[in-house]
Amino acid sequence: MKSYMEPARFVNGWRLLNLGFLTYYWISGEFAAYDFILLLFLILLTSLRWRFNLPAWSVALDAFVCFLYFPYHAVSYYGLALPIFELAQRGKWLFALLFFIGLFVAPFPSAWLFCYFVLALFVGFFSYAYSLNQQQYKEEADEQRKARYELERVKIDLLAAQQSVAQQAELMERYRMARQLHDHLGHDLTGAALALQAHEYVEEPDEAHKLLQEVKRRLKRSTLNLRETVHNATPIAPIGVENLEYVALYFQQVSISFRKSGDLLRVAAYHWGLLEACLKEALTNIARHSDATKAEVKVEAAGSIIRLLVQDNGTVRQSQQPGSGLRSLKMRARSLGGSLSVSGDNGFLLVCVLPLREEE
Amino acid sequence: MTIFYFTLKRSFGSLTNLIFLTLAPIACIFFPAGEAWPALPYGYQYFGIIILFVAIRLTQIIIEDRARGVIKRLSVAPIRYFHYLSQNLFAYFVILILQCAIVIVGGLLRGQELYQPFALFTLYLSFSFTALAIALAWISIFRNKDIAFLVYMSLIFLMVLMGGIMMPLEMFPDLMKRIAVILPTFWFAEGLNWVVYGRQTSNFMLINGVLWLYTLVFLVLGSTRKMQ
Numbered sequence: 001m002k003s004y005m006e007p008a009r010f011v012n013g014w015r016l017l018n019l020g021f022l023t024y025y026w027i028s029g030e031f032a033a034y035d036f037i038l039l040l041f042l043i044l045l046t047s048l049r050w051r052f053n054l055p056a057w058s059v060a061l062d063a064f065v066c067f068l069y070f071p072y073h074a075v076s077y078y079g080l081a082l083p084i085f086e087l088a089q090r091g092k093w094l095f096a097l098l099f100f101i102g103l104f105v106a107p108f109p110s111a112w113l114f115c116y117f118v119l120a121l122f123v124g125f126f127s128y129a130y131s132l133n134q135q136q137y138k139e140e141a142d143e144q145r146k147a148r149y150e151l152e153r154v155k156i157d158l159l160a161a162q163q164s165v166a167q168q169a170e171l172m173e174r175y176r177m178a179r180q181l182h183d184h185l186g187h188d189l190t191g192a193a194l195a196l197q198a199h200e201y202v203e204e205p206d207e208a209h210k211l212l213q214e215v216k217r218r219l220k221r222s223t224l225n226l227r228e229t230v231h232n233a234t235p236i237a238p239i240g241v242e243n244l245e246y247v248a249l250y251f252q253q254v255s256i257s258f259r260k261s262g263d264l265l266r267v268a269a270y271h272w273g274l275l276e277a278c279l280k281e282a283l284t285n286i287a288r289h290s291d292a293t294k295a296e297v298k299v300e301a302a303g304s305i306i307r308l309l310v311q312d313n314g315t316v317r318q319s320q321q322p323g324s325g326l327r328s329l330k331m332r333a334r335s336l337g338g339s340l341s342v343s344g345d346n347g348f349l350l351v352c353v354l355p356l357r358e359e360e
Numbered sequence: 001m002t003i004f005y006f007t008l009k010r011s012f013g014s015l016t017n018l019i020f021l022t023l024a025p026i027a028c029i030f031f032p033a034g035e036a037w038p039a040l041p042y043g044y045q046y047f048g049i050i051i052l053f054v055a056i057r058l059t060q061i062i063i064e065d066r067a068r069g070v071i072k073r074l075s076v077a078p079i080r081y082f083h084y085l086s087q088n089l090f091a092y093f094v095i096l097i098l099q100c101a102i103v104i105v106g107g108l109l110r111g112q113e114l115y116q117p118f119a120l121f122t123l124y125l126s127f128s129f130t131a132l133a134i135a136l137a138w139i140s141i142f143r144n145k146d147i148a149f150l151v152y153m154s155l156i157f158l159m160v161l162m163g164g165i166m167m168p169l170e171m172f173p174d175l176m177k178r179i180a181v182i183l184p185t186f187w188f189a190e191g192l193n194w195v196v197y198g199r200q201t202s203n204f205m206l207i208n209g210v211l212w213l214y215t216l217v218f219l220v221l222g223s224t225r226k227m228q
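First to last, the sequence lines map onto chains B and S. Per full-length UniProt numbering, the very first residue in the first sequence carries number 1; after that it's consecutive. Per full-length UniProt numbering, the very first residue in the second sequence carries number 1; after that it's consecutive.
No lab work stands behind these hints, which were simulated from the structure alone. There's no promise every hint is true.
[As the list claims (entries may be wrong)] Here are the simulated lysine-lysine pairs, DSBU-like style, with alpha carbons at most 35 Å apart:
#: 1; chain 1: S; residue 1: Lys72; chain 2: B; residue 2: Lys146
#: 2; chain 1: S; residue 1: Lys226; chain 2: B; residue 2: Lys146
#: 3; chain 1: B; residue 1: Lys92; chain 2: S; residue 2: Lys226
None of the values given here were measured: they were computed from a predicted structure.
Put together the whole structure using the sequences plus the hints.
This is the structure:
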C-alpha cells in the first residue's frame, strides 16, 4: 500500500481542512484580532496531535478553549468539530455526541453547525474504521508471511532429511552387501581355498577326490550366492541417468537428443531426484508454452559439479514470471547448494547446476 | 553542552556570517527616525526583518548537517535528537539575545527615542524566538539550503509587507487587514505600536503570548527528525 493512502495522512488532511475552514470563517466574519488566539490554541493542539500521540482526554483542552470563547464569537462553536472528530477517530464516538450540546446553546441558527458536527463525526468514524481495517489487514499479512516462512523452513528441513535418508540408505545397502559376502561367499571361498591347500598333501586318491568334490561343491554354492546377492542389489526400475534417458526417450511432443558425459556414478540419489524433476518440468514447459520441434538434453558431470541443460529451438510464447513449479525447483536447487536458471531469450533454456559431494 | 559551544563557533565561523551577525544590528542603531511613520526610528522598526534573516541564516547549520549526513550519524551516537536540536536552538537564542541587547543598548547610548526600551527588548526577544521557530519549521520542508533560503526571502518580504512592518496596515483594504492577523509579523508590528502608544500592560503581554504561541506551533512542526 502506498504511503499517501495511510489513514494518518487522511486524518491530518481532515484536521488541516478543519483549521482552514475555521480560519476562513474567522477572516470572513467581523471578529476582533485578539479572538484569533482561539485559533492559535486550536492550531497548537492539532500540531501537537500531528507530532505526538496525545491521549483521548486531551480533547478536553480544545473543548475548554472553545467554551471560553463561546460568549465572544461563533468560530468557537464550530471549533467543537475538532474534539468531535478526534474522539470519533479514536472509536469514542459516544463521547463525541456530548459535544452536540453546543447546538442548543449556540446563539445563532444551528442547522449548518449541526451539519458540520455530523460531517466531523462521520469522517472521524470513517477514519477509525479505516485504521481498524488497515490494522487487521496488516496483521493478516504478517500471519501469512510468517506461515510462508515456516513452510519454506519446513521444506528446507524436508530436503535436508531426504538427503540424509538417501545417504543412510546407501550406507545400509553397502553394509548389507558386505555382510552377505562375508557370511556366505567369504566362508565358502575360504573353505575351498583350505581344501585345495590340503589336497596338495593328501596321498590317497580317494581322500583327494573327496577334497576336490568339497571344493567343487563350495565354489558352486559361492557362485549361487554371488548371483543371488548381485540379483537382489540390482534395481528393477531405471535409476539415475537411465531414468533421465527413459523420460527423454518417451517424450512424444518433440524429438529429443540426449547426451551424457563424465563420471555419473559419483552423483548421489537425491541429486538424481531433483534432476529428474527439473527435466520433467522443462519438458512440460516446452510442450505447453513453446512451439519447438527439437530439444536437446545434456547431463554432464565435470569436476565437482553435475550440470543438466535443456534447450529447445522454439520461441517462448509467454515471457512471464516463473511459475510455482520452477520457483519450487529453484528453492530445492538452492537448498542443495546449487542453482537453477531459466532463460527464454533464444529458445527455452534451463540449466541446473549442483555441487557433487566429496568422496567419503 | 559540546553541541552548544560548537554551534556558537560554527555560527561565527565564516566571515559572511560574522559580518551579518555583528554589523547588521549595529547598522540598525544608526538609521534615522521617520517623519510621520514609523514612530520608532527606521532601524528599530525594520529590526524584525533582520531578525527573520538572521534566524534562517543560523538554522542553515541544521540543514547543512542534514545534507552532510551528520543527523544520520547522530542517530547511532549516544545522543538524542532532542539534545542536538535544543542545544542548537539555545546557541541561536544566545546570539539573537546578544543582537537584541546590542541594538537596544546602542540606541540608548546614541540617544535614539525608544519610548519603552525594556518592553522593546522583550518584544524583540519574543519575536526572535518566533522567527527561529518559523525558520526551523521552514528548513524541515527543504533539502537544499540555497533553495530554502531563496524561497524564504520571498516569504519574509510578503510577511513583513502584509504584516504591517514595512508599511502601515491602514493603507491596506479590510480583507488584507484581516488576513494580516494570521501572520506573526502583524503581532510584532502591534507590539511596536504598543511600545510607542501602549498603556495597558495586559495588551503587551497578550501580544507576547501570541508570539510565544506561534513559537510553540512552529517548534512542534519543525522539530521532526528528518534524515535527508
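Checklist entry - Within 35 Å, alpha carbon to alpha carbon, are lysine 226 of chain S and lysine 146 of chain B? => result Between lysine 226 of chain S and lysine 146 of chain B the Cα gap is close to 32 Å, so the pair holds against 35 Å.
Next on the checklist: Run the distance test for lysine 72 of chain S versus lysine 146 of chain B: straight-line Cα separation, threshold 35 Å.
Outcome noted: Roughly 31 Å separates the two Cα atoms, so the pair holds.
Checklist entry - Regarding the pair lysine 92 of chain B and lysine 226 of chain S, is the alpha-carbon distance no greater than 35 Å? => result holds, 33 Å
Violated hints for the displayed structure: none, as all numbered hints are satisfied.
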